[in-house]
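Asks: Read top to bottom, the protein sequences are chains V and L.
Just so you know, we're using our numbering here: the first sequence kicks off at 99 and counts up by one.
Just so you know, we're using our numbering here: the second sequence kicks off at 480 and counts up by one.
To be clear, the hints were calculated from the coordinates, so they are not data collected in a lab.
A couple of the hints might just be wrong.
35 Å max Cα-Cα, derived DSBU-like pairs, lysine-lysine [stated by the list, open to error]:
| # | chain 1 | residue 1 | chain 2 | residue 2 |
| --- | --- | --- | --- | --- |
| 1 | V | Lys150 | V | Lys271 |
| 2 | L | Lys809 | L | Lys601 |
| 3 | V | Lys271 | L | Lys528 |
| 4 | V | Lys432 | L | Lys809 |
| 5 | V | Lys150 | V | Lys162 |
| 6 | V | Lys195 | V | Lys165 |
Read off the chains here:
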Amino acid sequence: MFRTSWISRRCLEMIRKPASGRLRRFNSTVTQSSFSPALLARARGMAIEHDKLSKETAETFDAKTSKRIGELKGVAEALKEWEDAQESMSELQGLLKDPTTDAELRDLAADDLNSTAAALDALAKRLATSLMPKHPFEDMPCLIEIRPGAGGGEAAIFAGDLLRMYTAYCSRKGLRSTLLKYDTADGAQGENAPLAEAIIEVESPGAYGELRSEAGIHRVQRVPVTEKQGRTHTSAVSVLVLPSLPTSGSEGLEMHEVDLNDPTSDYYVNPADVRTDVMRARGAGGQHVNTTDSAVRLTHIPTNTVVSMQDGRSQHQNRAKAWLLLRSRLAQAKKEAREEEVVALRRNVIGVAKMGRGDKVRTYNYGQQRVSDHRSGITVYNLDDVMEGGAELNKVIQSVKEWLGEREIEMLLTENEIYSKKK
Amino acid sequence: MPRLQHALLLQAYALSPLLPLLLRVTRDLPSALNELRWLRSHVINAIPKQSLHRQHATLVKLCRRRQAAEPLQYILGSQPFGELDIRCRKGVLIPRLETEAYSQHLAEQALESKSWNGLKRKLRVLDLCSGSGCISLLLLHLLRRRMGGVDVVGWDISKQALALSNENVRHSLGPEDRGHVRYEDRDVLASTEKDMHNAEAFDIIICNPPYIHTEDSSVSRSVRKWEPGLALFPASQATGPYQSSEALSVVCAVEDIFYERVLKLATAHDVEKIVLMEVGSKEQAIRVVQLAAMFLPQATLEIWRDAPDQISESYEVASILVDDQNYSVKGSGLFRAVVARCNQHQNPS
Ligand SMILES: C[S@@+](CC[C@H](N)C(=O)[O-])C[C@H]1O[C@@H](n2cnc3c(N)ncnc32)[C@H](O)[C@@H]1O
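Chain V on its own, in the form it takes in the complex (with noise of 0.2 Å):
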């Protein structure tokens, strides 16, 4: 591997010397197509992994084996063509480099050197994508959090125009979706009573794929109502996006492999590590009352992660919802750790900034009607639609996770740049 790039190299500098702008156009393709040794022996592994599995499977179905087989597929393949195409760079390099070769020739190879190249870049593009692993938890359903952050009384109002935003986004999507929990500030109640906190549950396998993106701090930016001057109020909710469990027997179970009793999973939490409480009757209890308070209060002790449930009048459903929500926090809290050393290394490196809880990720202006995000860059015009969860803001989300990928895949390079650098 390592002699690869280093023929690819030598070849380079020697085909420098009769400097052409074609060849110079190829100088820079090339140092692009060069991949770092060890995105290309994780490919390789891979390869050898997918032929060595495909050759026991014929003999022997296996239902989890011919699953891999699926995933490593993509990456075998693109690796061969990446390879093809890199021998015959190293063939054409061996044309023009020896010096018996006429010069008719030379040019024909100097041009088919370029039009390969080209084309390697592509492959290594493809190759890089190929590689990226599936985000682990992209085939679950998911939690949406929102809840108002600066800015008072309108960013309530806000959080739930973000929360109307998504349950209609999800109809249109055909996701299923039901509101787990929804806190009033005050306890108003009624369509447009403040938001406190609400959560929504989009039970749909994908849908942590689907919406991931838009965990982050939204941006609003009007005439709040309750404004008499007719100032302009800049006010932010925060939505929380979480991997969320479906419920045991679910269609998806089997999908996430996800066992809650396997201490590995994310999902484990130890049940003797959580703290139930339930709301006590005050007084005697037992007979001497009949309260219907049923509110349930969990608390992870390692962490001190606390989550309450009182929204239901069932304690057995409040106590299910709980648990819940308490895992999946706690496994995206696990996750989150777990990256934090990558993201760091990353920072590093090329400044990128993980994009995350705290960071500011779309405007919504009314004033000027526009949605903007601000990790894709892309700006609509139609707010209304996009506050209807309409095709506006599925063009926004789109692009966010186009933009997402994007960043996946040149993290990856980076981290293995990194990682060869550091060796």
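Since chain V is already given, all that's left is putting chain L with the ligand on it; use the hints.
Replies: Positioned in the frame of chain V, the structure of chain L with the ligand alone reads:
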């Protein structure tokens, strides 16, 4: 009852003019808010296609009823109990959260029990003073998947309770489970030799009897005013067919009359048996432990608190000494149930 603070009422009024009505019963704002939300969604779901104006009028009416301390469960007509939804109606006691907690815990223990695990026959459950049927229906629901299945019998003397429990069979159970439960009109205090004989075969005897002293001041206004005295106060029956024996009157208070009967029904047994009796206070728990020690001398006795599956607080004792015997106390909260386990090869006393 202390008067509500003026500021609290004003705060509630500012949120909704209906909240102060509920606040008079719930005494705290979060509960009042929850109740208002449940009442509102009940109005919307139960009586759809009403004009907004009519809906509001209905809601106001329901809040007024609640203000008069009528239990929310009677107004809404139901109470969740474990995974079940139990219908509630005036004249029958409302299922309590503590009852739900120990029923659930008992079912878990039954499923884990080594000697019952291998048992291929049906597990038999007797629910004395069955009321709405909440306990027996939940046990049936939780135990029906065990290998041998389960059969449940409930006894009560209240016609209204018997009617409601039968209604709850249809309302809360799937068609395949309904054949495994039966409610009978039987007086627990007047149990006959035949009843005693019948009771022998039960693996679980569970009873939430009336246990409150008539003068007890800790009974809430709503309970005293709206729930049936027959379900709460045993004193009215103390002079009936039942006369406490002299020996028992030494340990027993008048509100304990049911426990002796329940224990008597449990004495004859040739199978492993669990007897669970709900109690109303620590003092009553201790008296019931004394009684149980007399009737079931071989049995292992323990006390369960309100939340038997929860970790105890540091100030909660894990055992208690009664007549020089140590009994373990499980869970967290107030003393709520006395549990006796009788092993298989034990002669009836
Ligand atoms: C405290 S309630 C318990 C109801 C139900 N098991 C529960 O936990 O919600 C007591 C029940 O005992 C019934 N009861 C009262 N005296 C009885 C008696 N002598 N024999 C049988 N049942 C009786 C009442 O009708 C009432 O339904």
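Asks: Now, for every hint given, state plainly whether the structure supports it.
Replies: For each hint, the structure was consulted:
1. Between lysine 150 of chain V and lysine 271 of chain V, the direct Cα distance comes to roughly 40 Å. Violation of the 35 Å bound is thereby established for this hinted pair.
2. As the CA atoms of lysine 809 of chain L and lysine 601 of chain L are separated by approximately 28 Å, the hinted pair is consistent with the 35 Å bound.
3. For the proposed pair lysine 271 of chain V and lysine 528 of chain L, the alpha carbon gap of about 29 Å is at most 35 Å, so the pair holds.
4. Simply put, lysine 432 of chain V and lysine 809 of chain L have alpha-carbon atoms about 34 Å apart, close enough for the 35 Å limit, and the pair holds.
5. Our distance criterion of 35 Å between C-alpha atoms is met by lysine 150 of chain V and lysine 162 of chain V, whose separation comes to about 14 Å.
6. In summary, the hint linking lysine 195 of chain V to lysine 165 of chain V is not supported, as the alpha carbons are separated by about 45 Å, beyond the 35 Å threshold.
Checked against the numbered hints above, the structure breaks hints 1, 6 and satisfies the rest.
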